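Undergrad: Residues per chain are reported as follows:
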Amino acid sequence: METTMDTDKTLSKTLLEFQELKVHFPIHAGVFLRRVGEVKAVDGVSFALREGETLGLVGESGCGKTTTGKAIIRLVEPTGGKILFDSEKMGKVDLCPMTRSELRPIRSEIQMIFQDPYSSLNPRWSVGDIVAEPLKVHEPGMGHKEREERVAWLLEKVGLTGEQAHRYPHEFSGGQRQRVGIARALATRPRLVIADEPVSALDVSIQAQVINLMQDLQEEFGLTYLFIAHDLSVVEHISHRIAVMYLGNLMEIGPAEVLYRNPIHPYTKALISAVPLPDPRKTRPDRIQLQGEPPSPLNKPSGCAFRTRCPYAEPSCAEERPPLLDAGSDHQVACPIMMRE
Amino acid sequence: MHGMMSYFLRRLLMVPITFILITLMVYAVFRKTPGGPIERAEMMLRQSQATEGGGGAAELTGGEGLTKEQKEQLLKHFHLDRSIPVGYLIWLGVWPNDSGHFSGILEGDFGRSYRYNDPVLSQIASKFPVSIYFGLIGYIASWIVCIPLGIFKALKHRSLFDTGTSFLVFLGYSIPGFVAALLLMLFFATDNYGMKIFPLGDFRSQNWNAMWEAGNYWWCIKDQISHTIIPLIAYMMASFAAMTILMKNSLLDNLGADYVRTAFAKGLPERRVIFLHALRNSLIPICVGIGNALGLIFAGSFLIEKTCNIDGMGLLGYNSLLERDYPILLGLLAIGVMLRLVGNILSDIILAWVDPRVRFQ
Amino acid sequence: MLGKAIYLIIVLALGTFLTRKVIPGIIVRIGRLMGFRMRATPITKKRLQRFKSIKRGYWSFLGISILFVISLFLEVIVNEKPLYIRYKNHTAYPAVRELAAKWFPFFNISTFTSKKDFGQGGTSGVDYKLFKACLEDSKNFDPMIERTRKRVQRAEKSLKRLKPPTKDSPKSKREFYLAKKAGLASRKKQLADLLEAKKAFEKGDAYILETLYPWSPSSRRKDLGKMAFHPPSLAKGVPLGTSSNGRDILTLLLYGFRISLSFALIVAGVGYLIGIIVGGLQGYYGGWVDILSQRFVEVWGSIPFLFMIMIIASMVTPTFLMLAILLILLRSWLGITFYIRGEFYREKSKDYVQAAIASGVSDWSIITKHILPNSLVPVVTFAPFGIVAFISSLVSLDFLGFGLPTGTPSWGSLIREGLDNIVLYPYLIITPVTALCITLFSVVMVGEAVREAFDPKVFSRLR
Amino acid sequence: MDMDDQRPLLEVRDLRTYFQVEGQTAKAVDGVSFDIRENEVFGLVGESGSGKSVTSLSILRLIPNPPGEIVGGSIHFRGTNLLDLSWDEMRKIRGNRISMIFQEPMTALNPVFTIGFQLVETIRLHTGCGKEEAREKAAEMLSLVGIPDARKRLDDYPHQFSGGMRQRAMIAMALSLQPNLLIADEPTTALDVTIQAQILDLMVGLQKETDGASMLLITHDLAVVAETCQRVAVMYGGKIQEISPVIPLFEEPLHPYTKGLLLSLPHPDRERRKRLPTIPGIVPSILHMPPGCKFAERCPDRWERCDREEPELREIQPGRFCRCHLHDEEGA
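Protein chains in written order, with the numbering used here: chain A, 115 to 455; chain B, 8 to 368; chain C, 3 to 465; chain D, 362 to 693.
Worth flagging that the hints you see were computed from the coordinates, not collected in a lab. The model shown is predicted, which means the values in this text are computed figures rather than measured ones. Backbone N, C-alpha and C define an ideal beta-carbon position, used for all residues, glycine too. There may be inaccurate statements among the hints.
[What the hints assert, rightly or not] List time: in silico SDA-like cross-link candidates among lysine to any residue, alpha-carbon distance up to 20 Å:
no.: 1; chain 1: C; residue 1: Lys182; chain 2: C; residue 2: Thr168
no.: 2; chain 1: C; residue 1: Lys104; chain 2: C; residue 2: Met324
no.: 3; chain 1: D; residue 1: Lys453; chain 2: B; residue 2: Glu277
no.: 4; chain 1: C; residue 1: Lys118; chain 2: C; residue 2: Lys201
no.: 5; chain 1: C; residue 1: Lys459; chain 2: D; residue 2: Asn426
no.: 6; chain 1: C; residue 1: Lys350; chain 2: A; residue 2: Phe139
no.: 7; chain 1: C; residue 1: Lys134; chain 2: C; residue 2: Leu226
no.: 8; chain 1: C; residue 1: Lys350; chain 2: A; residue 2: Leu189
no.: 9; chain 1: C; residue 1: Lys90; chain 2: C; residue 2: Lys201
no.: 10; chain 1: A; residue 1: Lys383; chain 2: D; residue 2: Pro627
no.: 11; chain 1: D; residue 1: Lys635; chain 2: A; residue 2: Glu371
no.: 12; chain 1: C; residue 1: Lys352; chain 2: A; residue 2: Ser240
no.: 13; chain 1: C; residue 1: Lys57; chain 2: B; residue 2: Thr172
no.: 14; chain 1: A; residue 1: Lys250; chain 2: C; residue 2: Met36
no.: 15; chain 1: C; residue 1: Lys47; chain 2: A; residue 2: Arg281
no.: 16; chain 1: D; residue 1: Lys513; chain 2: B; residue 2: Arg364
no.: 17; chain 1: C; residue 1: Lys352; chain 2: A; residue 2: Ser233
no.: 18; chain 1: C; residue 1: Lys352; chain 2: A; residue 2: Gly176
no.: 19; chain 1: C; residue 1: Lys48; chain 2: D; residue 2: Glu383
no.: 20; chain 1: C; residue 1: Lys350; chain 2: A; residue 2: Ser233
no.: 21; chain 1: C; residue 1: Lys159; chain 2: C; residue 2: Leu180
no.: 22; chain 1: B; residue 1: Lys203; chain 2: C; residue 2: Ile432
no.: 23; chain 1: D; residue 1: Lys498; chain 2: D; residue 2: Arg458
no.: 24; chain 1: C; residue 1: Lys191; chain 2: C; residue 2: Asn91
no.: 25; chain 1: C; residue 1: Lys459; chain 2: B; residue 2: Thr172
no.: 26; chain 1: B; residue 1: Lys203; chain 2: C; residue 2: Ile424
no.: 27; chain 1: B; residue 1: Lys163; chain 2: C; residue 2: Glu454
no.: 28; chain 1: A; residue 1: Lys154; chain 2: A; residue 2: Gly194
no.: 29; chain 1: C; residue 1: Lys459; chain 2: D; residue 2: Pro427
no.: 30; chain 1: B; residue 1: Lys163; chain 2: C; residue 2: Val460
no.: 31; chain 1: A; residue 1: Lys271; chain 2: D; residue 2: Pro641
no.: 32; chain 1: C; residue 1: Lys6; chain 2: C; residue 2: Lys134
no.: 33; chain 1: B; residue 1: Lys163; chain 2: C; residue 2: Ser462
[What the hints assert, rightly or not] Sample of chain A residues at the chain B side, in silico, Cβ under 7 Å:
no.: 34; residue: Ala143
no.: 35; residue: Gly144
no.: 36; residue: Val145
Start from the sequences, fold in the hints, and give me the full structure.
TA: Right, dumping it as structure tokens:
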């Protein structure tokens, strides 16, 4: 078992790797607005994305999953750590210290799909212009006609028609808008796509269409997805591997099947058992009902961030942040106590 | 709470900085431009010479004017012999003046008027009550009119009453206060149209004080009221339209809010939902205006006091401008800026007080 | 009369055509040259449609804008100087030249026409009213001829009294005599010219084409007699009366309209431009730029601006441009910064901007092509109310005597005159105040319609 | 099963609520009929725009007018038609006999009054008890819904509560007078998964404890329905397409729409990363509903009759209703 997993690992190379990524937002207060502290939105997260896989990143609101995704393309400024990206154009580079102009050529390789299909498209631009914008930036040599053809081709790829390029966002439904957003993300032929809750704003019957589309495109173009979501059942369906975050820390990461069937971290267990099942006959016998609510990231607990709500917490949990421990079969858990058992 | 305290401390710190910046700027402008007290004194002297002597020669040639000593004396008197920064600091009261004392606005000494050689503060103090009288009554009156009107317009949104009064509101928006005063005076204070009901300007009748002393209180009150009405309407015009619309829109916004639906779902009577839940929220933006009105009471009066010939701070400022009476102008400016700054902070305090959600950072 | 009616119709038609077709076309061209798309998006189209459907606002807008565009050509519509004047082989276009001089102040365009070129004798400016009167009835030459003849006679008499100087006479005496003689000659020539002119006029060798309303705001109505105050009278040809110094109020109001509106437009336009730049920088970059500049805006906003302008105006007589700059600096850019800052903050956090940033689009493109077009609603909805405020500011300053220099046609100074004569001449208040209020009211109507069209509030409530 | 013989707590018949949008009529709720029995949790599921929320608001007559209006039908609550009641009579039912919880806990509470004030206000309004007594009761309710240190937190303003706690406070307010029917309109949509689980457990727990209370749960999440409800109505295009007890609905859905919805859900028991079966097309605009079956243009099983004629909602199996021509022959 372990050997096969290891060969799997070597087969696909690492595309992007976080090493102790930190994103802290300063808090200013006092008469002279001195910096008095910081919100540790992402507080030392390390994991890697392999080429061609879908990595699901889950957690509750405020856990830092979106911030992690946005840090890659510098929509938020990382405070520390490294983001190593295996760029086609520039080789292996650390994205963190790069300036915006240095980053620009790499942006074509990393694109993002956003959550809200309404605010993610400029209401004053036609759909064709929206999809063409990344092309204008990254392939400025492309002629007008060629660009139009490319846009039409992209729109058809995501299940719209080329004629719809002249329409405006408000003429489309939520699901169609999300398709436009996907077409925009694919315009520059990226290798990594960060999908930030791409289906959570969509209706149930539309969700499945978009999930299928994303999977088809992944196969066709060999995309790597960082799939950020709060909905575990969707993540479980689409991901090869799943990473669970809580209050800026990575709690557990492993293959979707393993993590879903045999979660080790108490938080993962609670999270999975909290998801209602669309099956009235099934009730979860082992439901772990979490008490209370997540503490504010402003005053994060010392040591393990989860210990204040953890049913298995021990005094030692308060001492230091538990490291990620290997649980076999490509599975890592940041909980020494559960690992002991 | 801690954040709030430091927010207000920060705002308070801004007050002296702003105050000094503005007054220093104006002080420097006054000092740098011709037409100061010396020139004025000379001009007055020449005029008196001209009228007394009857000869045009002195006027034409510039005459004797002031002697050198006289000039120096005057310069010293107004601290004009000092450099601009020092002169300013003396005015402020943090630099000793010629007699070695600190005597500036910080000590409550605003200097002396060029024109009357009176202390500035007593000049201003004598006009202050008049301006406050109109400012305050005008503001209260606009509350009394605008808030019920706004509420009623919101409740009868899109009705005939609403569109009808909207016309009034737009009219109020398009007629400046002093123009309204002028029109009202034209129609109701002159005999042109046979409707002379009110007196033509002035704060009170000439013989008011005498009548008061004679015990004619009823006459005095009637006289005061008849002198008040036209300027009062003019004062109200300034805020009538804006406040009515603000009240209406604010209430309409709140009537559509989710919590109003909750209140209805709880079974509360409509009156309670509207007049307690929605109104309490929609009065917030109106209350916040109180602080800013403090400055308005002062600044809005130039035009109306000039139009209605009311001897308040506005008219004092206007006349001082004509007379280049810089100490008075600086004094008025200092008080005006102070009121404005304090008003801004007051607005914030009121907001923090009426809206529990507000947390200033 | 028919001529005037046709003239009026042409003016109105041209004004409408300019306002509705030519000027929008020019704006679109300029926008395209500057690299903007200038194509109405469905959102804009919908807003424009909604605006047009609000009739009173739309008609007010059309009325005000057409009037304003027409008023830009007031010199050829309301002017004492004629459009065209001809006498024998002398022709001139005084009104057209005045308009050109106004529009191109850097070129030296003379508008002076000399009397002697147009058969009136003398070297001062042509008396166009007299020219017109003579054209209608050549008897009007007679007093002039009589006067000149008397002058000739007087000159002859005084010359006769003088003994012709001999060679021995002092130089000064000789020169004096020669000058007298030359004077007599020129008088005679003048007389001859006048007589000739009368004949020429009778023959129809002269022509004058007056403007629609041939009076100017800069000179008094001499035709009405010496008295200063003339109440409105259609029969006398002063529909709105004259001011205290005998000037025609209608012309004052019309020129005042142009000054007030262009003042407000400049103040609002430039001020909002500054406000957009400052607010945009604050909102887009945030951080310390934002905090510091906000404090500055706060300090700056605490200056009592009207008082400040009055102080400055009391020391130096301000010009139109100076007043505009003062009002821009002290006031008009402030209010809008706050709103633009908020809009920029909001739009910047929206995903479409984040997507553009993630694609590596430059800051300039993001600001001008993404954020700015989506954050102009407050500018558009505030502009009409800003214009109302700035017109009022100018009127107030003029009213207090700290505005435009005396002699400039301005509503404020007219209203001030009204206040000074409130008891005796009520028309002096009523006409300018009516003009002011109608203008402001129309702009308010436009503003209300724009607000309704751009920011429609759907109020629903439970009942 | 003697429950079925009793008269249901709430009978909605042919309810129609229309909205005027830009001169057009949007039939948000168009002939909806269902019953809610005593002591049951009834689920109303549908996608956005299906009319489920408007249905729930219509029951309490909380439709903003304009633009909305209840144009027809009847809502019998314990025998009285709520639509016939005067405003004042209706008021006595609201919050007292029927109470409601809304989706957005952030905006549903008045921001300028304390939680305690808003709770006490409700209690005193319907019971007429004293201030102290009402406060006592309010504190009791708050601790019942799991807010620690309840007495102290009565003096907090809504913004001092977290989203989950606000929703708890809303529940406390709704249950404080032991209503016969609790309407919960997407009560957990705005909340995180673990908080959602807490709130659902709390609601179901309280519903079981309080005798005779029924609950109408409006949601778009079929999984939530599966966990909490006894019977379900599925809405689409302003109409109810299927009503069924929960277990047969999930095991053998009758309507093609329900079938499609269930199949398109990602499910842990299903093979991972395989294409999900989907419902093609998009939800039709509420302003341009097709004349026949509302679902026809997305239906895999449609035939020409579906476009032409709207099927009736009829009982296919005992207790199971469906609006589909496929079942016509079976029914006939």
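Undergrad: Take the hints in turn and mark each one as holding or not.
TA: Tested hints:
{"no.": "1", "hint": "Lys182/C - Thr168/C", "in the structure": "15 Å, holds"}
{"no.": "2", "hint": "Lys104/C - Met324/C", "in the structure": "18 Å, holds"}
{"no.": "3", "hint": "Lys453/D - Glu277/B", "in the structure": "12 Å, holds"}
{"no.": "4", "hint": "Lys118/C - Lys201/C", "in the structure": "16 Å, holds"}
{"no.": "5", "hint": "Lys459/C - Asn426/D", "in the structure": "15 Å, holds"}
{"no.": "6", "hint": "Lys350/C - Phe139/A", "in the structure": "18 Å, holds"}
{"no.": "7", "hint": "Lys134/C - Leu226/C", "in the structure": "16 Å, holds"}
{"no.": "8", "hint": "Lys350/C - Leu189/A", "in the structure": "11 Å, holds"}
{"no.": "9", "hint": "Lys90/C - Lys201/C", "in the structure": "11 Å, holds"}
{"no.": "10", "hint": "Lys383/A - Pro627/D", "in the structure": "19 Å, holds"}
{"no.": "11", "hint": "Lys635/D - Glu371/A", "in the structure": "14 Å, holds"}
{"no.": "12", "hint": "Lys352/C - Ser240/A", "in the structure": "17 Å, holds"}
{"no.": "13", "hint": "Lys57/C - Thr172/B", "in the structure": "19 Å, holds"}
{"no.": "14", "hint": "Lys250/A - Met36/C", "in the structure": "19 Å, holds"}
{"no.": "15", "hint": "Lys47/C - Arg281/A", "in the structure": "14 Å, holds"}
{"no.": "16", "hint": "Lys513/D - Arg364/B", "in the structure": "18 Å, holds"}
{"no.": "17", "hint": "Lys352/C - Ser233/A", "in the structure": "6 Å, holds"}
{"no.": "18", "hint": "Lys352/C - Gly176/A", "in the structure": "18 Å, holds"}
{"no.": "19", "hint": "Lys48/C - Glu383/D", "in the structure": "13 Å, holds"}
{"no.": "20", "hint": "Lys350/C - Ser233/A", "in the structure": "11 Å, holds"}
{"no.": "21", "hint": "Lys159/C - Leu180/C", "in the structure": "15 Å, holds"}
{"no.": "22", "hint": "Lys203/B - Ile432/C", "in the structure": "17 Å, holds"}
{"no.": "23", "hint": "Lys498/D - Arg458/D", "in the structure": "17 Å, holds"}
{"no.": "24", "hint": "Lys191/C - Asn91/C", "in the structure": "18 Å, holds"}
{"no.": "25", "hint": "Lys459/C - Thr172/B", "in the structure": "19 Å, holds"}
{"no.": "26", "hint": "Lys203/B - Ile424/C", "in the structure": "13 Å, holds"}
{"no.": "27", "hint": "Lys163/B - Glu454/C", "in the structure": "18 Å, holds"}
{"no.": "28", "hint": "Lys154/A - Gly194/A", "in the structure": "11 Å, holds"}
{"no.": "29", "hint": "Lys459/C - Pro427/D", "in the structure": "13 Å, holds"}
{"no.": "30", "hint": "Lys163/B - Val460/C", "in the structure": "15 Å, holds"}
{"no.": "31", "hint": "Lys271/A - Pro641/D", "in the structure": "16 Å, holds"}
{"no.": "32", "hint": "Lys6/C - Lys134/C", "in the structure": "15 Å, holds"}
{"no.": "33", "hint": "Lys163/B - Ser462/C", "in the structure": "12 Å, holds"}
{"no.": "34", "hint": "Ala143", "in the structure": "6 Å, holds"}
{"no.": "35", "hint": "Gly144", "in the structure": "5 Å, holds"}
{"no.": "36", "hint": "Val145", "in the structure": "5 Å, holds"}
Checked against the numbered hints given earlier, this structure breaks none of them.
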